[in-house]
Amino acid sequence: MKKQTETLNRPDNTAFTQQRLPAWQPMLSAGIVIPGFVVIGLAFIGIGVALFVTSQNIQVLERDYTGVEQNSDNDCSRCLNRTNCVCAVQFNLAKQLEGPVFFYYGLSNYFQNHRKYGVSRDDYQLSGDTYYFENPEDDCIPYQYDSRNRPIVPCGSKANSLFNDTFRLYRLVGGQKKQVPFDGKGIAWWTDYNLKYRNPTLVDGSLAKAFNGTVKPVNWPKPVYELDTSDSSNNGFLNQDFLVWMRRAALPGFRKLYRRISEGEYADGLPTGNYSLEINYNYPVHGFDGRKKVFFSNVSWMGGKNQFLGIAYLVVGSLCIVMSLVMLIVYAKYRFPDEDS
Amino acid sequence: MCFFPQVIPSISSLSWFTTVVPLVLVLFVTAAKDAIDDINRHRSDKKVNNRKVQVLINGELRSDKWMDVQVGDIIKLENNQFVTADLLLLSSSEPLNLVYIETAELDGETNLKVKQALTVTGDMGDSVTALAAFNGEVRCEPPNNRLDRFAGTLSFSGQKYSLDNEKILLRGCTLRNTEWCFGLVIFGGQETKLMQNCGKTTFKRTSIDRLMNELVLCIFGFLAIMCAILAIGNYIWELQEGSKFTVFLPREEGVNAAFSSFLTFWSYVIILNTVVPISLYVSVEIIRLGNSFFIEWDRKMYHARTDTPAEARTTTLNEELGQIKYIFSDKTGTLTQNIMTFNKCTINGKSYGDVMDHTGQTLEITADMDSVDFSFNPLADPKFQFHDHSLVEAVKLENPEVHAFFRLLALCHTVMAEEKKEGDLHYQAQSPDEGALVTAARNFGFVFRSRTPETVTIVEMGVQRVYQLLAILDFDNVRKRMSVIVRSPEGKLCLYCKGADTILYERLHQSCKKLMDVTTEHLNEFAGEGLRTLALAYKDLDEAYFTEWKQRHHEASTALEDREERLDKLYEEIEKDLMLLGATAIEDKLQDGVAETIEQLAKADIKIWVLTGDKQETAENIGYSCNMLREEMNEVFIVAANSPESVREELRKARTTMKPGAEEDMYVSKRILGNSPKIVPDEVINGEYGLVINGHSLAYALEASMEVEFLRTACMCKTVICCRVTPLQKAQVVELVKRYKKAVTLAIGDGANDVSMIKAAHIGVGISGQEGMQAVLASDYSFAQFRFLQRLLLVHGRWSYLRMCKFLRYFFYKNFTFTFVHFWYAFFCGFSAQTVYDEWFITLFNLVYTALPVLGMSLFDQDVSDSWSFEFPQLYVPGQLNLYFSKTAFVKCALHSCYCSLVLFFIPYGAMYDTVRYDGKDVADYQSFALLTQTCLVIAVCIQLGLDMSYWTVVTHVFVWGSLTMYFVVTFTMYSNGMYLIFTASFPFIGSARNTLNQPNMWLTILLTSILCVLPVLTHRFLVIQLKPTINDRVRLKVLQAKAAPPPPSKRTRMRRTSTRRSGYAFSHAQGYGDLVTSRRYLHRPVKPRSGGFTPTGRSLGFSPTGRSAGYSPTERNQNPKQEVEATSLQMYRTRDMAF
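Quick mapping for you: the protein sequence lines, in order, are chains A and B.
Each residue of the first sequence is one higher than the one before, starting from 1 at the first, in this note's numbering.
Each residue of the second sequence is one higher than the one before, starting from 1 at the first, in this note's numbering.
Any given hint could turn out to be false.
Said to hold, decoys possible - Derived, one-sided and incomplete: chain A residues facing chain B with beta-carbon distance under 8 Å: (1) L8; (2) N13; (3) T17; (4) M27; (5) S29; (6) F102; (7) K196; (8) R247; (9) A249; (10) K256; (11) L257; (12) G304; (13) F308; (14) M323.
Hint data in this document are derived by calculation from the structure and do not stem from the laboratory.
The beta carbon of each residue, even a glycine, is placed where N, CA and C say it ideally should be.
Chain A on its own, in the form it takes in the complex:
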């Protein structure tokens, strides 16, 4: 009893309060660092080679159809300053493009990642909340209301600038144009299609009526509920092309998936031969020095063709090896003398 009162203020004797917690105390000793560098270096070189080879094996066919330059393989220069103009890009495949083949369109010098562009949308509208059909968010300005003060749905610059060139691919077989079927299903993210974007509840079984009292975006030729009248599951906000467009790019040069070529005789890819890509040229990019391109590409486990990662791994891996050598030399020759020895 007395003892207790005597040591009333004695601090607890725990490893925590006495700062004696058992601990791992790593140190940058030569035995760890130099082998570590070698291992990292070798692993990185391995990964780099794998990535590089994989990337090399991906085939990409790329064509610029902006029409700024006169080009023998396309006649799009005539459409440069016109809308609703049809032009075609001719190309020849010397080697089969292994399937499945993906067809992309690409834009450059296009600032989808501009902050003002990015915020210029209304998530509530796009998730089918009809209250916001009548009262679009202020972020959508100047595409919030039209000149007659009717609400625009979908509002904002982002939706307004929907890419509206369309493509048809023909294979030229013996002077005959044979259309290559495109598959446009499921080209957008599953989450976008199933969760993020939702059409408003149908009114009297009609999507169009749900959009009553709203007007189409200024640049659009037709309202959102007429994007694909043939397929109700691809219509309205759930239109795959619309979804792809609305997933804005991170960088000013980007490509977006347009269609897949995976049906019928093209399931194995595009066979060799001549092709003609017919383009409905609508989208003006010339005004801001933008470029429009198309890509035919297949993919691998690491995605699309991208040499960067492989090369970066190779460089970093080699650097590690070089550094480990330098360290070894320093360790062996120039080390600070231990005071004991």
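Fit chain B to the known structure of chain A by using the hints.
Positioned in the frame of chain A, the structure of chain B alone reads:
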């Protein structure tokens, strides 16, 4: 600050919550911490304020709180109570209205002092009615800080009485040996001289704090520059690109390129404000708080005997503990225990006190060793301990020299005895040294029992004998000895003398030559152990000679001219041809482990200055015994001059001795002429020197014209001891060093006299667990023992500093890296103030994802364990040199961040450019990019943290891995379906985590990025360790090699020095009580007539040796107490007459 522009829609680049949430949290935590601090401070103040004291109110005594005491109140103090306020002493229980007080709290002196009330007030006694009716008027000087002076007058019943310091009890003193006294409050609270001496309470901030503030200002500038660059970029972009891109992104009305760039500037201020770390301050506070708790929790800084744990009273100074360069220490109660023990002696050439084992080896004396049994002596003091049995056997064998030795100790002193019950003796010694000697004699069978002015009664081996006290030849600093002349009951006349051996040896009879040599040897041994020695000698006197001498003495003491000289001559004459008996060795008990602590601190390159109010000899002696002054030192300079010129001369001489030929007075005078004080650089000298300076010289040395001179000299010395300094001078010395040295100072003390320096120093440490509270209350840290200081500095301080620096470096790195990525992205998004990361990530990055790991590091990190820290005190040096965090380190952090942010932006950029998922779908979208970059960032900063952390405890593991897990959990949750369905607009990132993080190339990117971020750091650190290892690295390597956790605590052998230095007459009082003892006024208890046949002879009534009180010690408080003594002598006779 950034919240304001954020509510303006046109520039709001981020949602309001990104800034508000952290800000609110920061403010909340800061407020909470400050509140706790305040409450604690109030609590300790209350403790003092609520002490009870008896106050005379409306004619009766009531117990009241200290804080309610007001000027004009009459209060009653009882024995051993603290004096509440500055009081005018009115009356006391003792005859002649004397009171005894101890002023150790005030000036560090341990001897008792006497104060005396005016007779006119003293007559009131303890009559409450008389006191209540007392209506005098006191006029006095305004409150001031002079402890040794008071001037005022008391007007009472038409008479005026002058008041001086003799009638004033100062707050901070303790009443001793006085049953009660009454006092009139003259100054209370802040006006007391004690508080006036306390110096200003300044808000203390650490140098890191100041540096941090500077850096934050720099960061603000840097932020402005970055934003300006981006705004210009935006202007150019708007002109070249934006104006054309209006097809798809129309401009708002009235916005042109210039205005847009203006808006962009502010938008980027919002985004990049994370470089200005809001949470830095609160994190720093938390870390300091945590480290303060570790100090309080430390069992090795807990003193079991007094049940006192260490206390961190300020929680904002921890890291400064790791940077101390100068320690200013009090002596009494801090270095020493203020206990004297009789440790050894040599009698007739035989040394006693050492304990030998059977092989003849001297054993270390430890507490559990059995001590000598004194049960044969019923009057023995049970607290007295002695370990050498041979001495008590010698006493029992009636060895005549041993008996004479202790008889001398029992007779030759000025101690007062108090015997409340039969056998319950209490000695009241003027100095603890004397007390120790008399107590020793008491235990060895020569019990000093009582005294009258003419007699001394002792019990010699159970037989009571009364010696007639014929004369006391009192001691002082010049004589360094004291003698008594007594007549034994057998009628033999004898002179007993004790004093400094050097003095005594000159007066010995030639026959003692042989004994002298042996004794000298012993004395050297004792002195080598730091003991205070006194030589003892006696001389049988011839009756006729003495009578004649007595006559001359009487003449001399009544002479009007040259009294001092004449008395001196007489004393010299009789104190010669003495027979040496032996010598005593008294230990001024140091606190435990003081010498080791000082040694350790010295190894850590910390300079220790002792500032004490005590005598020069005592201070010097302690300097030797705790190893601050050493025999091996090239020279110990003693500056004790009385004029500015000679002080300057002595200082200069000392300096030229230390550093010959380097007389750069130009440099000094130039410095003095310059307005702003500049830093005096450290000067390198060869050899070790010590400096002892007394208060009087110090007063001159601290004058503006000489302070630099003093500082330079003092700083060259390894040890500096300032004695006889006032509390204010202590503070001045500290201030001086603070002003001219770019160094962190620490002051440690226990008494009220140390408060000023505790407040003045960067860090103040109070010794707690003792009676006084003043020092502790003013201090920043407090603990019970001086030796804990080494743990506070070498372990806690060093760790705190290390942790704080690591924290700051990492924190700046983390925030810069985080922010700079936005900067790079600006070049690719049209300078549109688009953030790279998700807004939620920005909100949570500092608060949730990275807060705990860095806190874990800065709370638990240790480079090496505490025992290794003690093993290598040199580890402390980098802190003193500010090596771990400085502006350079900050710039390095920024460059490192710059590199990392480039990697963090461009590797994902390259990896994402034009790529797609393995199912051909999009992945180069903004949300995926944001997710990728932020994941890379979190992992990269985590790895960097892992590199910085050298001590992975369970807690840190949990923090690090927990935070990483937390990141993924929170990310997946926020990007989940449910969150989007509930808060549609707040979580637009739905699905990006699932769609992105299932891509192998994303993970490969993350791997590459994080590794690439740390590779250069790893390489750099490794190379530095190999090529230019810091002391830290080397010790850590050693620990690694030793593998074993703690090194066995090295057995420190007690340092024995062979010293020729003799501590001499190092009594802790300057002047004897002789006159008081022989005068009757000291004796307040009537002497009971003891054994029959003893009749007090009235012979020595007229013999009252006047003290040699004046003129030998310039700083002695009682500059001239003679008048008072004489005055009271007169009164004494009067009272006595009345009594008879």
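Hint check:
no.	hint	result
1	L8	holds (6 Å)
2	N13	holds (6 Å)
3	T17	holds (4 Å)
4	M27	holds (6 Å)
5	S29	holds (7 Å)
6	F102	holds (4 Å)
7	K196	holds (5 Å)
8	R247	holds (5 Å)
9	A249	holds (6 Å)
10	K256	holds (6 Å)
11	L257	holds (6 Å)
12	G304	holds (4 Å)
13	F308	holds (4 Å)
14	M323	holds (5 Å)
In summary, the structure agrees with every hint in the numbered list given earlier.
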